[in-house]
Amino acid sequence: MSLTRADIENIARLARLQLTEAEIPVYVDSLSRIFAFVGELDRAPTTGISPMAHPLPGLAQRLRADAVSETDHRDLYQQNAPKVEAGLYVVPKVIE
Amino acid sequence: MSAPAATVAALAKGLAAGDFSSVELTRSYLDRIQAAQPGLNAFITVTAEAALAEAAAADAARAAGKAGALTGVPLAHKDIFCTEGVLTTCGSKMLANFVSPYDATVVSGLRRSGTVMLGKLNMDEFAMGSSNETSYFGPVCNPWNVAMVPGGSSGGSAAAVAARLVPAATATDTGGSIRQPAALCGVTGIKPTYGRVSRYGMIAFASSLDQAGLITVSAEDAALLLGPMSGFDPKDSTSVESPVPDYTRTLGDSLEGMTIGIVKEFFDKGLDADCESRIRDAMRVYEKLGATFREVSCPNLPLSVPTYYVVAPAECSSNLARFDGVRFGYRCESPKNLTDLYMRSRGEGFGAEVKRRIMTGTYVLSAGYYDAYYLKAQRVRQLISADFARAFSEVDLLLGPTSPTPAFAIGAKSDDPITMYLNDIYTIGANLAGLPGMSLPCGFVGGLPVGLQLIGPHFSEARMLNAAHRYQLETDWHLQLPAAFA
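Line order of the protein sequences matches chains C and U. Residues 0 to 95 (numbering that gives the first Met the number 0) make up the first sequence, in order. Residues 0 to 485 (numbering that gives the first Met the number 0) make up the second sequence, in order.
FYI, nobody ran anything at the bench for these hints, they're computed from the structure. Since we're looking at a predicted model, the values are computed, not measured. Hints should not be assumed to be uniformly reliable.
Stated by the list, open to error - Simulated restraints, written as ranges between beta carbons of each label pair:
#1 U:Arg-326 with C:Arg-12: 18 to 24 Å
#2 U:Glu-286 with C:Arg-12: 55 to 61 Å
#3 U:Glu-23 with C:Asp-28: 30 to 36 Å
#4 U:Ala-408 with C:Gly-47: 42 to 48 Å
#5 U:Ala-55 with C:Ile-23: 52 to 58 Å
#6 U:Pro-301 with C:Leu-13: 28 to 34 Å
#7 U:Glu-23 with C:Glu-39: 30 to 36 Å
#8 C:Ala-85 with U:Thr-249: 54 to 60 Å
#9 C:Ser-31 with U:Gly-445: 50 to 56 Å
#10 U:Leu-337 with C:Ala-85: 16 to 22 Å
#11 U:Arg-321 with C:Arg-12: 16 to 22 Å
#12 C:Arg-61 with U:Arg-389: 54 to 60 Å
#13 C:Thr-19 with U:Lys-287: 57 to 63 Å
#14 U:Gly-446 with C:Thr-70: 53 to 59 Å
As the list claims (entries may be wrong) - Mimicking DSSO-like on lysine-lysine, the simulated pairs with C-alpha atoms at most 30 Å apart in a straight line are:
#15 C:Lys-82 with U:Lys-92
#16 U:Lys-65 with U:Lys-234
#17 U:Lys-335 with C:Lys-92
#18 U:Lys-287 with C:Lys-92
For every residue, glycine included, the Cβ atom is placed at its ideal position computed from N, Cα and C.
Given the sequences, and given the hints that come with them, work out the whole structure.
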């Protein structure tokens, strides 16, 4: 399977990744090869086989009670934020 | 004090007997780390000051009669585990300035048992790689030959244990990231059953495959450390509520009557002939120990690499969506608007392989392709799991190679992702099926270590460690040291 430059630009946009001009042909080539490689899966007969939903047989994702379990750590967590002001995360203006 | 050759078991004994203090031991390892760091690059962060303080606390606990089996034993963590107040980078520019506000459950468990943290180990960026070449902090070198890769993604953990810069290290395995570097560096690696060890605080790559484990000198050391790391954790929704046995208790059990399966598909044309003969040698050791062999077939196993390269990137693209340049991590300079902030922060903050996997995953999950790729792969995954289940109805454990070849040269495979992905051809199956696996040193080819892989049924860690330990009582491959670090 062969991907085009437009395909890569579209995937990168969906994934919110800014690619450089030099990166685009590299990903056109390597993703095309990856999809040719995973195309092998078409050979496997899977009619009537259900998709695996959990790596351990018979188990499903556990749910917890919808109750508050954490205390407020805002100040601590915001120490890792690139930009905060008055306890708020600062981003460029969203509404013009 | 002969730190270099020591195992965790021997160090614990020495500490208990008062042969040396934890401070002395910690200092000797810090010296080794400092001397080896320029050549190997195994560490991203060395926490010397905190380590000496923890060691002093361990010595004080011992003096007060409050020491446990592991009190004062030094170790280091793969930099994928969050450590409170310490840089936690996951090998990425994206997190190059991230100081974790909390400890991963694995870290707090080992801390509670009295171990001393020496630092944080280098790794492939976000654990995506099989050679440790994708790290933002530069490649790690293989202690057996510094021109070679140590394997990945836990390359720092494997290289550090192989060079005895640490007696043991934590690691993680999504497609072979514990077992393959353990094999390439001549050390012991264990990836437990999915759900055995909590993933809380372990930076997520592919959540249905990721599992924390250990790289150690011996299976006995792995048995000592696995207990404190394991067990139910309400903070991880996939953690399994199943009691943790004392893994050390059954280490010496007889292997008489054990049936070991030889998976036909593991001995394919891709396996290096010299590596194969080392595996055959190991089989003779097991025969001597009373085990019998039976050939089994897992016909869908050859599809495990393509299955993995749909499922893992899909989960990676979802998990890594959290890195947005807003709450933590890298942010680009002077963003024009919110979209520009997202796109440039991610484009500049992630390395080439991580971007490749995010895009692969985004594509297989996108409208019109979800059924053809993602659901198809999850169906094939079911077939691969069923192959293993069928095999385990006939045998106790499976045995085969860990990796098709010994370590390869740094740079040799970095241009072709498919060639790199095929390094994990024998390890990925266990991740897809959630099974525990180990790699043990079983000899050398051209001066480079070869790894023997064991795979067991779900929650058979005790039996697997027993089989590994009995093998290590008969052989001394795991005690060999690279000349430069002896």
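Hint check:
1. In this structure the hint that Arg-326 (chain U) and Arg-12 (chain C) lie 18 to 24 Å apart at CB holds, the actual value being about 22 Å.
2. Distance hint for Glu-286 (chain U) and Arg-12 (chain C): a CB-CB separation of about 58 Å, consistent with the stated range 55 to 61 Å.
3. With their beta carbons about 55 Å apart, Glu-23 (chain U) and Asp-28 (chain C) fall outside the hinted range of 30 to 36 Å.
4. Separated by about 46 Å at the C-beta atoms, Ala-408 (chain U) and Gly-47 (chain C) satisfy the suggested range of 42 to 48 Å.
5. For Ala-55 (chain U) and Ile-23 (chain C), the Cβ-Cβ distance of about 55 Å falls inside the hinted range of 52 to 58 Å, so the restraint holds.
6. Pro-301 (chain U) and Leu-13 (chain C) have their C-beta atoms about 31 Å apart, which keeps the hinted 28 to 34 Å range intact.
7. Distance hint for Glu-23 (chain U) and Glu-39 (chain C): a CB-CB separation of about 55 Å, inconsistent with the stated range 30 to 36 Å.
8. Between Ala-85 (chain C) and Thr-249 (chain U), the C-beta spacing of about 58 Å keeps the proposed range 54 to 60 Å intact.
9. For the hinted restraint 50 to 56 Å between Ser-31 (chain C) and Gly-445 (chain U), the CB-CB distance of approximately 35 Å leaves it violated.
10. Checking the proposed 16 to 22 Å range against Leu-337 (chain U) and Ala-85 (chain C) shows it holds: the Cβ atoms sit about 19 Å from each other.
11. Taken as a hint, the range 16 to 22 Å holds for the pair Arg-321 (chain U) and Arg-12 (chain C), whose Cβ atoms sit roughly 19 Å apart.
12. For Arg-61 (chain C) paired with Arg-389 (chain U), a C-beta distance near 28 Å fails the hint of 54 to 60 Å.
13. Between Thr-19 (chain C) and Lys-287 (chain U) the beta carbon distance is about 58 Å. The supplied range of 57 to 63 Å therefore holds.
14. In this structure, Gly-446 (chain U) and Thr-70 (chain C) meet the distance hint of 53 to 59 Å, their C-beta atoms being roughly 55 Å apart.
15. For the hint linking Lys-82 (chain C) to Lys-92 (chain U), the alpha-carbon distance of about 18 Å falls within 30 Å, and the restraint holds.
16. Of the supplied pair hints, the one linking Lys-65 (chain U) and Lys-234 (chain U) holds, its CA atoms being roughly 29 Å apart against a limit of 30 Å.
17. Using a Cα cut-off of 30 Å, the hinted pair Lys-335 (chain U) and Lys-92 (chain C) holds, with the two alpha carbons roughly 9 Å apart.
18. In summary, the hint linking Lys-287 (chain U) to Lys-92 (chain C) is not supported, as the alpha carbons are separated by about 72 Å, beyond the 30 Å threshold.
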